[in-house]
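Residues per chain, in single letters:
Number of protein chains: 2
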Amino acid sequence: MAFYQKLVHHNKKISRLEHLEAICGWDQASMMPEGGNSARSEALAELAVVKHELSTAPHLTEWFKQAEGEQLDTEEVTSLHEMKRSWQQANVLPADLVEKKSLACSKCEHAWRSQRERNDWQGFSQNLKEVVELTRQEAQIRAEATGLSRYDALLDLYEPGMTTSELDELFTEVKSWLPELIQQIMERQSQDITIQPVGPFPVEQQENLSRSLMTKLGFDFNHGRLDKSVHPFCGGVPTDVRITTRYDEADFTSALMGVIHETGHARYEQGLPEKWAGLPVGKARSMGIHESQSLFFEMQLSRSELFIDILAPLAAEIFQRADDPALSADNLTLLNTRVKPGYIRVDADEATYPAHVILRYEIERDLVEGKIEVEDIPELWDKKMSEYLGLSTKGNFSDGCMQDIHWTFGAFGYFPSYTLGAMYAAQFMAAINKEMNVDNLVRERNLQPIFNWLDRHVWKRASTASTDQILIDSTGERLNAKYFKQHLEQRYLK
Amino acid sequence: MAFYQKLVHHNKKISRLEHLEAICGWDQASMMPEGGNSARSEALAELAVVKHELSTAPHLTEWFKQAEGEQLDTEEVTSLHEMKRSWQQANVLPADLVEKKSLACSKCEHAWRSQRERNDWQGFSQNLKEVVELTRQEAQIRAEATGLSRYDALLDLYEPGMTTSELDELFTEVKSWLPELIQQIMERQSQDITIQPVGPFPVEQQENLSRSLMTKLGFDFNHGRLDKSVHPFCGGVPTDVRITTRYDEADFTSALMGVIHETGHARYEQGLPEKWAGLPVGKARSMGIHESQSLFFEMQLSRSELFIDILAPLAAEIFQRADDPALSADNLTLLNTRVKPGYIRVDADEATYPAHVILRYEIERDLVEGKIEVEDIPELWDKKMSEYLGLSTKGNFSDGCMQDIHWTFGAFGYFPSYTLGAMYAAQFMAAINKEMNVDNLVRERNLQPIFNWLDRHVWKRASTASTDQILIDSTGERLNAKYFKQHLEQRYLK
Ligand SMILES: [Zn+2]
Ligand SMILES: [Zn+2]
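If you're matching them up, the sequences are chains A and B in order.
Sequential numbering of the first sequence, starting at 8, is according to this note's numbering.
Sequential numbering of the second sequence, starting at 8, is according to this note's numbering.
Honestly, the hints are just simulated from the structure, not real lab data.
Some hints could be false.
It does not matter which identical chain is meant; a pair holds if it fits inside one copy or across any two.
Distance condition first, Cα-Cα at most 30 Å in a straight line; then the derived DSS-like pairs of lysine-lysine [said to hold, decoys possible]: (1) Lys136 <-> Lys401; (2) Lys19 <-> Lys114; (3) Lys182 <-> Lys489; (4) Lys492 <-> Lys390; (5) Lys347 <-> Lys91; (6) Lys58 <-> Lys501; (7) Lys58 <-> Lys19; (8) Lys114 <-> Lys282; (9) Lys378 <-> Lys235; (10) Lys107 <-> Lys13; (11) Lys108 <-> Lys19; (12) Lys391 <-> Lys182; (13) Lys58 <-> Lys13; (14) Lys347 <-> Lys467; (15) Lys489 <-> Lys441; (16) Lys182 <-> Lys13; (17) Lys58 <-> Lys290; (18) Lys235 <-> Lys223; (19) Lys58 <-> Lys20; (20) Lys282 <-> Lys58; (21) Lys114 <-> Lys13; (22) Lys91 <-> Lys58.
I would like the entire structure built from these sequences, with the hints used as guidance.
Have a look at this one:
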C-alpha cells in the first residue's frame, strides 16, 4: 500500500477512537449518574493513552517522508499537509513536559473552582504561575518547530495562520471605535421600555420550542440529539452531533439563544464533507471559523428583528401565552439586543463581547511572550476594563481575572477565536447579502439559500483550504473588521 | 514489576476499553439517532481490533509463564487462573477462523431477520449450515485445548465447569416430571377467572412505576439508569449499570416484569466486588448465575403473591385506578402466574420455559457433536415440542426453529443458562428460607436481609470461586433440580 494510504488508514483509526471518546464524553456530561464518574474518567484516560500511542508511533516519521515522495493529486497533497500538521502538533512536545503541564493544569483548574468562589487570588496565582511557566516552555518549543513567535505558535493550535500582528491590527481598529459605539448604543437604548417575561416556562415546553427552532434552522435530528447538561456544549461526531443545554424555568431566552448558538456549531459539523470523514482535512477549519457559524446562527440571524418575528409567535404558542406582551416580537427583540457593559464575558452582549476578548488577548499575549508576569494581571485587568468598558474590577478577582476556566488548563491563544468568529460571521453575512436579500428570505421563512451558501463556502470546505483562502473565495477579501462594525451600527444605531 | 502485576495492569487496561464499548453500545441501542449507526459500528469495530490486539499480544505467553512461577497468595492464584482462562479463550482460535465465523454469522443474522418473517427455512438453513460448520471447527479446537468434549468446550464459554453429562442428568429429571406438572397446573388454573387490564397506561406513569419498584429492589440510581430501547437489556458497567426496557401502553405488566428481571441482572453487576474491578476474577461467574439473579428477582420474588400485594396498590396509585378490579393484587397475581404452553420461548412462563430450553439444548448438543445435521432440525423441533408441550410446529418455522437469534450468531451452548438460572434461583431461595422467613420479610417490606444474603453469597464472590463452590458454600449442595420442582409445586399446586 502507498504510504499516503497507510497514513489515511492510520488517521481514520484515530478518528474512530475519537468517536467513542466524544460519545462517552457527552454521556459523562449529560447522562451518567454521579457514581459512574471515576471509572469513566479512568476509561477515557486509558483511551487517551491508546490514542497518544497511535499519534506518536515512531514509524510515522518514515511514513510521512515516503508519502511526501509519492505521486499525489492536489487534494491528497492538502490532506497529507493537514495530517502532518496535526501529527507535528502532537509530537513536538517532550512527553515529560506534556505530563508536567497536564498535572499543573489539573491542579490549577481543580483548585480554581473553590478559589474563585473565595476570591482567593493569592492562592490561584501560585498555581497559575506554574501553568504559565510550563506554557512558556511549550510555546518556546512550538515556536522553534514552526518558525513562529511564541504566542503565534500557540494561536496556531486554535486558529492556524492567524498571527499577533494581524490580531493587533484588527483589535487596534476595533478599540478605536468600540468604546464610543457602546456609549452611543446605550444612549439610544436608554429610552427603551422592556418587559421582563415572568416564568415559569416549563422545561418540557422550552424543549419543544428548542427542537422546533432547531428544525427551522436545519438541524438534522437523524444525525444528532438535543439533551441537557450543566455546561451547554456541542459534542458528538459529524454523523451524530450532540447538543446540550440547560433550562431555567424563570427565563426561556437564555437557553433558547444557547441552543441556537450550538445549532450553528452543529450544522458546521453535520455539514462537513463525508468524503474526508475521519481525516484532519475533513475537520472544522479553526476555532474561529467554528465560532463564526454559531455566531452567524445566533447573532447574525436569530437576534435580528425579522427572525424574532418568527420566533415570538412560536414561543407564545408553545408557552400558551398568546396575550403576554412580554412575548411580543417587539419586546423580545429589545430584550435580545440589549447592550450593557458587565464584568462577565459569558454574559456579555455582542457589542461589549470584543472588549472582554481584546483585554484577555493583550494580557495572555504579553504573558506568553514574557513581557508581563502573573502578578501584573489584576492591575492590567482593572485598567483595561475601565478603559474599554468603564468598569472597575479592583479587588474583585472572582468577577475579574479569575472568571474564566481557559487559563487554568493552559489554553492560551484560544480567546481571540470568539471575536474572530464574530467578525467572520459579519463578513459572511455581508457577502451573502451581495448574492441574495437575506431580510426577504427570512420574511419568506426561506432560510435554505442562506444555509446552502454556508454549506458551499464554509462547511464543505472543512480544512481543504486555509482560513484566508476560505475568506477570500467566499467574501472576496481577507478578514476585515469593517463588516462587524457595520453590523453593529446597522443593528443598534439605525 | 512482578509479572502478575503486569497482567493485572494489562487486564485493567482492556477492561477500561470495554467500559467505553459498553457505554457506546448502550448509546447505540437507546440514544443514537439512526443516521449515526454506520460510523458508530465502525468505531466499535475499531475498538474491537484494539482490544483484540491487546488480548493476543505475543508477550502475554511469557508473562503468564513468569507469573505462574511467582510467589502469590491464594486470591492472586485464583485471579491469575481467571486471567489465563479468559486469555486462552481469546487466543485459542486461529484468526482466519474467527474472521470466517464472524462473517458467516453476520450474514446469517442479517438474512434471518427477513427470512423469519417470510418463514423461509430453505434460505435460512443454507446460512445456518455454514455457521454450524464453522462452530464445529471452533468446538474441535476448543475441545483439544481444554480436554473437554466439543459441546462442553462451548458450554464452558458461558457456564464454566458445566458439562453435557451433568446437563443430561438434570434435564432428564426435569423432563420426567415437567409435562405432567404443566398439565396439573393448567387443570388447576382452568377455573381461574382473570380480568385483563385495559390501557392506555401512559409511558410516563409506567416509567414512574418502574423506577419506584427498582428503588424498592435496591437498584442504585447513583450507579445506573433506566432508559428505553427496542430490545430490553442490562448493559453498561458495574459502576454505571444501564437497564433498558420497552413500554406498551396497552399492557404495563410485561415492561414491569422485564424491568424487575433486568434489575436482578443489574444488582449482580452493581454488587460485584470493587476490589477486583476490571479483572476477570471480578466479573460475573457465568451466564447461568447471572440469569439466576434476574430470575430470583423476577420469578422467586416479584411474581409471588406477597410481593404483588406490594406492587398492586403502587400500580393502582400511579395509574390513578384505585377502583380498577383488574389492578387488584389477586387479579395481578393470577395474571402473573398464568401457565400456558406456547410456541415462543421469550413469551413463556416459568413452568413451560424449561421445555423450550431443553429442546434447544438437545438439538444444539447433537448438532455440535455431529450427530444430527441442520436439515434434521425442523422434524426434531416438532417432535420435541409435541412431546414436551403438546404443540406442533410443523411447517411453522418462524414460530419454531427460526424464532431465536442465538444460533444465527453462533452462540451454541448458551441456551442451557436460562434454565440453569431458574434452578440456581430456586436453590438460592430455598437456602435463604432456611436462614430467614422470606414471606415475613416481604410482608414487612424488609427485603434488605434477602439482598444481603445474595450480596454475600453470590455478588461479592464474583468469579473468585467455581460455580459448584459458590453453590456448595451458599446452599450446602451442588446444583439440584429438586428446589426448582418444589418451587413450581408450591407456587402452582398448593
Ligand atoms: Zn460557541
Ligand atoms: Zn436475563
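Do the hints match the structure? See the list:
In this assembly of identical chains, the alpha carbons of Lys136 and Lys401 lie at most 30 Å apart only when taken from the same copy (20 Å versus 80 Å across copies). With identical chains, the CA atoms of Lys19 and Lys114 are at most 30 Å apart between copies only, with a shortest distance of 25 Å across copies and 33 Å within one. For the identical chains of this complex, Lys182 and Lys489 are intra-copy neighbours only, at 12 Å inside a copy versus 87 Å across copies, given an alpha-carbon limit of 30 Å. In this homomeric assembly, Lys492 and Lys390 come within 30 Å of each other (Cα to Cα) only inside a single copy, at 24 Å, whereas the closest approach across copies is 85 Å.
Proximity of Lys347 and Lys91 under a CA criterion of 30 Å is satisfied in neither setting, with 45 Å inside one chain copy and 67 Å between copies. Taking CA atoms no more than 30 Å apart as the test, Lys58 paired with Lys501 passes in neither setting, with 53 Å inside one copy and 62 Å between copies. When the C-alpha separation of Lys58 and Lys19 is checked against a cutoff of 30 Å, the pair qualifies both within a copy, at 12 Å, and between copies, at 17 Å. In this assembly of identical chains, Lys114 and Lys282 lie within 30 Å of each other by CA distance solely across copies; the values are 27 Å between and 41 Å within a copy.
In the homo-oligomer, the alpha carbons of Lys378 and Lys235 never lie at most 30 Å apart, since the shortest distance is 42 Å inside one protomer and 57 Å across protomers. For the homomeric pair Lys107 and Lys13, the shortest alpha-carbon distance between copies (25 Å) is at most 30 Å, but the shortest distance inside one copy (32 Å) is not. With identical chains, the CA atoms of Lys108 and Lys19 are at most 30 Å apart both within one copy (28 Å) and between copies (26 Å). When the C-alpha separation of Lys391 and Lys182 is checked against a cutoff of 30 Å, the pair qualifies only within one copy, where the shortest distance is 11 Å, while the shortest distance between copies is 87 Å.
For the identical chains of this complex, Lys58 and Lys13 are neighbours both inside a copy (17 Å) and across copies (21 Å), given an alpha-carbon limit of 30 Å. Within a single copy, Lys347 and Lys467 get their C-alpha atoms no closer than 37 Å, and across copies no closer than 60 Å, so neither meets the 30 Å cut-off. For the homomeric pair Lys489 and Lys441, the shortest alpha-carbon distance inside one copy (16 Å) is at most 30 Å, but the shortest distance between copies (85 Å) is not. Taking the shortest Cα distances, Lys182 and Lys13 never come within 30 Å of each other, neither inside one copy (49 Å) nor across copies (59 Å).
For a Cα distance limit of 30 Å, the shortest separation of Lys58 from Lys290 qualifies both inside one copy, at 17 Å, and across copies, at 27 Å. Taking the shortest alpha-carbon separations for Lys235 and Lys223, both the intra-copy value of 20 Å and the inter-copy value of 27 Å come in at or below 30 Å. Both within a single protomer and between protomers do Lys58 and Lys20 lie at most 30 Å apart by alpha-carbon distance, with minima of 9 Å and 13 Å respectively. When the C-alpha separation of Lys282 and Lys58 is checked against a cutoff of 30 Å, the pair qualifies both within a copy, at 23 Å, and between copies, at 28 Å.
Proximity of Lys114 to Lys13 under the C-alpha cut-off of 30 Å is restricted to the inter-copy arrangement: shortest distance 29 Å between copies versus 39 Å within a copy. Taking the closest pair of Cα atoms, Lys91 and Lys58 come within 30 Å of each other both inside a single copy (16 Å) and across two copies (27 Å).
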